[in-house]
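Hey, can you work out the whole structure from these sequences and the hints?
Protein chains: 2
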Amino acid sequence: MEAKELRELARTGKNFTTSGLAKGHVQTNVVILPKAHAFDFTLFCIRNPKPCPIVEVFDPGEFVSSIAEDSDIRTDIPEYKIFRNGIFSELSTDIKNIWRSDFVVFLLGCSFTFENELVKNGIELPYFTNKKNVPMFITSLDTKKAGNFSGKLVVTQRWIKKDKIVKAVQSTSRFPNQHGTPIHIGNSEEIGIKDPYKPDFGDPWIPKNPKDYTPMYWACGVTPQLALEAAKIDISITHSPGKMFVTDLKDEDMAVI
Amino acid sequence: MEAKELRELARTGKNFTTSGLAKGHVQTNVVILPKAHAFDFTLFCIRNPKPCPIVEVFDPGEFVSSIAEDSDIRTDIPEYKIFRNGIFSELSTDIKNIWRSDFVVFLLGCSFTFENELVKNGIELPYFTNKKNVPMFITSLDTKKAGNFSGKLVVTQRWIKKDKIVKAVQSTSRFPNQHGTPIHIGNSEEIGIKDPYKPDFGDPWIPKNPKDYTPMYWACGVTPQLALEAAKIDISITHSPGKMFVTDLKDEDMAVI
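Sequences listed follow chains G and V, in order.
The opening residue of the first sequence carries number 1 in the working numbering; numbering runs sequentially from there.
The opening residue of the second sequence carries number 258 in the working numbering; numbering runs sequentially from there.
All clues given are correct.
Under 8 angstroms between C-beta atoms, here's a sample of chain V residues computed to sit facing chain G:
id: 1; residue: A295
id: 2; residue: F296
id: 3; residue: T299
id: 4; residue: L300
id: 5; residue: I303
id: 6; residue: I311
id: 7; residue: V314
id: 8; residue: S430
id: 9; residue: P433
id: 10; residue: V513
id: 11; residue: I514
Honestly, the hints are just simulated from the structure, not real lab data.
Every residue, glycine too, gets a C-beta built ideally from N, C-alpha and C.
And the structure:
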């Protein structure tokens, strides 16, 4: 299915994960919040570009993306998470009824782009083939604060065969707007991860021969969700994990080299 | 001289061009404007990352840069340009007396970083050695609007020997936050430049054997200055051309590969 068809399917109210669909198209994390908080959140993203790489920011009240033809951000995501005063309130397949003219939409880069690139480069991602989620950990590293937005850095974990570490760095270097290079390689404890087999979110990944693999950690798009909770703003909306906004851009459009 | 010493020299009121000083340190374009316009200007930069690559945005009222130790943006630039209602009003070596607690400071990437890289890669930049300015042209290309910020794209021009075109693309690819890759190679008319020897700003560059050289065009930091004029905001401040804010960052800190 093409990106536009996927958006149209979501618009009918169908609730599905977008991982692996419209392959080669850039999918994005989504954050929507009132204009009163938009400048601070933009600064948070600019100061923390690895977990929060900005792909597009809409004008206040705008719901059509410039990188997704005939799109409507109020309907074109399969599932939305609505937060009130920083606390998760409800899920919905549509936010037309709560849309406000002062809402600002942020599209943030997502790791699907570089995961395609890792696979193309011969790096095994078993959670892909097993229909599981990548393991995610809350680290001891602080993000850079902006206004009321702050919190710890969340990372995704991938166990990489030792002879593929260089390739994994090179592949992800090409996509600075999709989390880019890893933030840590090796000893998990150094970034506050006590047990590398017990993720805070997602599914555990236990390599068969751990001594042949090194854990590599990349900044994760869940980071801004924690910062949103910390900011306790009146209302904010995100996509549901794995149910992303699919744009018309191709992965290679985002590559720097 | 080190970056910090240069800032201290500017702080004493000395008025000098920073080009070629504190070599290897990242120098930045500076825009300062009231918070009421800061979100729109941030969007303008995000939508036009080649002419307006964001290096740092300060908190409102903040005058110390996080990438320049003990700095004070109100005194540490050799010369400031002050605009009122979008019109150039006066020059000053200090803005302490007009500083406001709602001012937001933007540091934007500058081409000095990639010029060092071009020279290292054997590309001749005669204006460097002749103490002239790079030629700059207002193109026919529109920037992407944000709020009241809009205008044409301004570019710098460099005549590159035909066997160095690839190298020039590669070298500047490494620095997406310092204008990055060229926006046009060759036929100047295609981007609205009628006479490639008559720049709108800076000094003309006439290659000795024009048929051995191709003009290459890069997005230029003068673009946001035109957008600032178009926005006609009550007060805004920039650095004077060639008299930049010198940070403690090294050029290589900005390289993506």
